[in-house]
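Asker: Here the protein sequences line up with chains A and B, keeping their order. Counting from 0, one number per residue, gives the positions in the first sequence under numbering that gives the first Met the number 0. Counting from 0, one number per residue, gives the positions in the second sequence under numbering that gives the first Met the number 0.
Since the hints were derived computationally from the structure, they do not count as laboratory data. Remember, it's a predicted structure, so these values are computed and weren't measured experimentally. Be aware that a few hints might be false.
Have a look at the derived ranges for each label pair, beta carbon to beta carbon [claimed, not checked]:
(1) Asp114(A) to Tyr359(B): 35 to 41 Å
(2) Ser148(B) to Glu305(A): 38 to 44 Å
(3) Glu239(A) to Lys214(B): 53 to 59 Å
(4) Ala43(B) to Asp81(A): 19 to 25 Å
(5) Gln453(B) to Asp81(A): 47 to 53 Å
(6) Val327(B) to Lys268(A): 48 to 54 Å
The C-beta atom is built at its ideal place from N, Cα and C for all residues, glycine as well.
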Amino acid sequence: MKKYLLLFVFLTIGLILTACGDSEDATEANGAKGEIDVYTHNDSEEMQDLVKGLEDETGIGVNVLRLSSGEGWSRMNSEAPDFGADMQWGMLHSIALKAENEDYLEPYDSPTWEDVPDEFKDEDGKWYGWSYWFNLLAINTDILEEKGLDKPESWEDLLDPQYKGEIVLPDPGTSGTSYLFVSTIMQIMGEDEGWDYLEKLDENVGQYAKSGDAPAQMTAQGEYAIGITWDQAVYNRVDEGYPLEAVIPNEGVGYDLDVVWMFKDTKNKELVEEAIDYIGSEEGMKKSAEHRSMVTNPNIEGTAEEIEDYLIDYDAVWAEENRDRIMKEWRENFS
Amino acid sequence: MDATQPVNNRLKSSSTIWGRFWAEPWFAIATIILAVAIIVFIVAPVFAVLLKSFGIGTGQLTLDYYKQFFQASYYWDALLNSILSAVISTVIVLFLSINIALYVTRSKSFLSKSFQGIALLPLVAPPFIFSLALIILFGRSGIVTDYVSQLFGGQFSIYGFWGVVLAQIIGYFPIGYMLVESTMRNMNADLEYAAQDLGANQWRTIGGITLPLAKSGIIKAGLLVFVMALADFSNPLIIGGGTRFLASEAYLLVVGQHNLELAAVLGVFLIIPSLLIFIFQTYFLKDSSVGTISGESGSHSVPLSKSVKSFVGTISGLFTAFILLMFVMVVLGAFVKIIGINNTFTLEHFNNRTGWDSLYTSLIVSFISALLAAGIGILQGFLFARKPIPGKKLLEFLTLFGLAVPGTVMGIGYVLIFNGPPFFLTGTVMILVLNMTFRKIGVGLEAAISKMHQIDTSMEEASNDLGAGPYKTFWKVIVPLMVPPFTAGFIYAFMTAMVSISSVVFLISPNTNLVAIYILNLAEQAKIGLASAMSFIMIVIVLACLALLKFVEKKTGIRI
Chain A
0 MKKYLLLFVF
10 LTIGLILTAC
20 GDSEDATEAN
30 GAKGEIDVYT
40 HNDSEEMQDL
50 VKGLEDETGI
60 GVNVLRLSSG
70 EGWSRMNSEA
80 PDFGADMQWG
90 MLHSIALKAE
100 NEDYLEPYDS
110 PTWEDVPDEF
120 KDEDGKWYGW
130 SYWFNLLAIN
140 TDILEEKGLD
150 KPESWEDLLD
160 PQYKGEIVLP
170 DPGTSGTSYL
180 FVSTIMQIMG
190 EDEGWDYLEK
200 LDENVGQYAK
210 SGDAPAQMTA
220 QGEYAIGITW
230 DQAVYNRVDE
240 GYPLEAVIPN
250 EGVGYDLDVV
260 WMFKDTKNKE
270 LVEEAIDYIG
280 SEEGMKKSAE
290 HRSMVTNPNI
300 EGTAEEIEDY
310 LIDYDAVWAE
320 ENRDRIMKEW
330 RENFS
Chain B
0 MDATQPVNNR
10 LKSSSTIWGR
20 FWAEPWFAIA
30 TIILAVAIIV
40 FIVAPVFAVL
50 LKSFGIGTGQ
60 LTLDYYKQFF
70 QASYYWDALL
80 NSILSAVIST
90 VIVLFLSINI
100 ALYVTRSKSF
110 LSKSFQGIAL
120 LPLVAPPFIF
130 SLALIILFGR
140 SGIVTDYVSQ
150 LFGGQFSIYG
160 FWGVVLAQII
170 GYFPIGYMLV
180 ESTMRNMNAD
190 LEYAAQDLGA
200 NQWRTIGGIT
210 LPLAKSGIIK
220 AGLLVFVMAL
230 ADFSNPLIIG
240 GGTRFLASEA
250 YLLVVGQHNL
260 ELAAVLGVFL
270 IIPSLLIFIF
280 QTYFLKDSSV
290 GTISGESGSH
300 SVPLSKSVKS
310 FVGTISGLFT
320 AFILLMFVMV
330 VLGAFVKIIG
340 INNTFTLEHF
350 NNRTGWDSLY
360 TSLIVSFISA
370 LLAAGIGILQ
380 GFLFARKPIP
390 GKKLLEFLTL
400 FGLAVPGTVM
410 GIGYVLIFNG
420 PPFFLTGTVM
430 ILVLNMTFRK
440 IGVGLEAAIS
450 KMHQIDTSME
460 EASNDLGAGP
470 YKTFWKVIVP
480 LMVPPFTAGF
490 IYAFMTAMVS
500 ISSVVFLISP
510 NTNLVAIYIL
520 NLAEQAKIGL
530 ASAMSFIMIV
540 IVLACLALLK
550 FVEKKTGIRI
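Based on the sequences and whatever the hints tell you, model everything.
Answerer: Next comes the structure, spelled out in structure tokens:
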């Protein structure tokens, strides 16, 4: 008899587990309306807060899976035409253009995005740019001092042999941040010189990280002196009190639109539409502005000021059209 | 498993194996369902990878992808690095396992109990956690690194090949240790006493008697650790610092470049060594036991002499202290703002909804698949040990092979098969459960087979003679006897399912994220605080589950 007790214990645990799950779902006011599945390339912590804004405002429950831009794109390709998510919230502009070409996107004419200039959204409503972001250098001032290194001021400075092994750069194969950097260099210098630059830079790179946020974090922790990363990743950590300084290289930086879209043939069309409406609304944009240097609604100020002068005239269409080729060449040269 | 005389042989005497197979139709049907499931969920994915590596499915047969593999020097590097790190980790794990097992099995003290407990501790954490802890300690600005560079100047860094090796040693140590320890515990001490009586000192006894007797256990442990370290993909991602390893390259090819063909080629190179080792182990490493397994084990083992004891004790002490240190780092990392930089206490890392959601999914999925893996394994063990089944050897081979297939290969195979018609399973909890279950049914099977061999058929015969049919005999005689191996299989499957990543990483979706993968993702963003916090919760939960089972074991008196 005793032996069946064990079986009984298993069953009880199982029941408790499932019961917990049910009651959790039932009592969770957030999920009352239904749930949507979201892919993002945003930083996990930032996304948590953005999602909370949506859930509080609309009552839609959100499940998030974070994938670096490259990962996300290859996942979409393997899943098409049955996507594993209902919408994308946070992705590269260039990938939105690619996805549009592949017919992965569902058009939706959202009423709340009127204030956003046309250049930041698709004319058919297939994608909407909610913020833009740019490359930035994270410099650990403590390490510079300790090792007696100069503060780099430009992209060119990074080639200086004194930085050997002190630079951390994300891998453009997985990270959109890094692809923005690579294509910016190409657009500033021209392609041939761009490749020369990357090859020389490679000498100084201590590590290629997988995600665009990681260099900021690693530099903040003093693992490396210089991280090539994106704006908010640095600003956040400066606010948190790390010995970090943000440096905009004086040749200028590329910027990219961060976009949202609805996947084609999603089963939760109404919910996703509501979510897109929210992101474009004033509340949504204000929430985004807490986390981003610039949002696309011109009436709402982001966290950074007066950086427009440093932005190069970045060509996202070029980046989209040449992405496969450049990535292939990058892999052959560097991986 | 040599078929013992089928119990019902006397009653029906069909001459062919098929006839006898169908004599008990329900068991036959169960076997067929099992066989189909094994083929669909273990064999087919591996074959899919093999076919894909030749480009089948995208066009025609081609060797292009193999050409790409051989032409790119970096894949060679990856292959060499993977094999080299696996060999080094294995050798060191074996050395440590033998030392600690000697101490634990041959002395009875509080210390030996603690060694035992700590040695098994890494089982409850995802293997890459030790990469995180190592970075906290020995990263370029790690706690120890800073200290050392202040004292001696210069700088060293844990990133790279040796970091991976170190993380693998800690992560896969418990697997090797468990096997070595159980061999040493079950060893009859008579020969050792005899050797000492004849004047050999203990060093000679260990070298000449103990280790040779434990040889098969040690080799088995070594092979298992080697296969696991070879298939390791998470440590290279976190601490590899760009050094290439086969499994992580395959993973990046799939998730970063959607190059399933080339990933499949890498998968083939991952699977060849595993397959060879598996075959070697199954057919050439038949327990050549020298008949030393005695009923009462360990009760009168030879106590260690002073010099031996201090040697193995020191090594055990150092290594277990190191393991503890790793865990302390994870716990500290969870509760301070940024460990090593801003050590103010905080609970903010625990406020993480996605983390809790994925933890919940992990618990459900692991629980269900552990139940299934143990249950199916036990049923299979019974059928295979007692019933006449055509093709039994092959099926058993395939089931156990599921344990040896590198997770990355299995994951890619599942993507290839279940991402389109006729099975649309990606993004469902079902596919996670199926994947974890069929990767682990070998555990239940092995536990069941070894138990079945201890049970004499006379009990079943008696039950049959008294008029209970084969099914009633199964329920009333076999099932109660199988509770302990079931529980053992369940625990092992549950723990490994909770921490597994390498194959399920390809199968998750926003709604079905698993906590181990979520932690890996945080680690890739270098978010050590959040990653440590989720790991801490996970470790506590797994330990709590184990404690519950121990409690039940005590209450019911069933030894698990």
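Asker: Compare the structure with each hint and give your call.
Answerer: Against the structure, the hints:
no.: 1; hint: Asp114(A) to Tyr359(B): 35 to 41 Å; verdict: holds, 40 Å
no.: 2; hint: Ser148(B) to Glu305(A): 38 to 44 Å; verdict: holds, 40 Å
no.: 3; hint: Glu239(A) to Lys214(B): 53 to 59 Å; verdict: holds, 56 Å
no.: 4; hint: Ala43(B) to Asp81(A): 19 to 25 Å; verdict: holds, 21 Å
no.: 5; hint: Gln453(B) to Asp81(A): 47 to 53 Å; verdict: holds, 50 Å
no.: 6; hint: Val327(B) to Lys268(A): 48 to 54 Å; verdict: holds, 50 Å
Consistency with the previously given hints is maintained throughout, with no hint failing.
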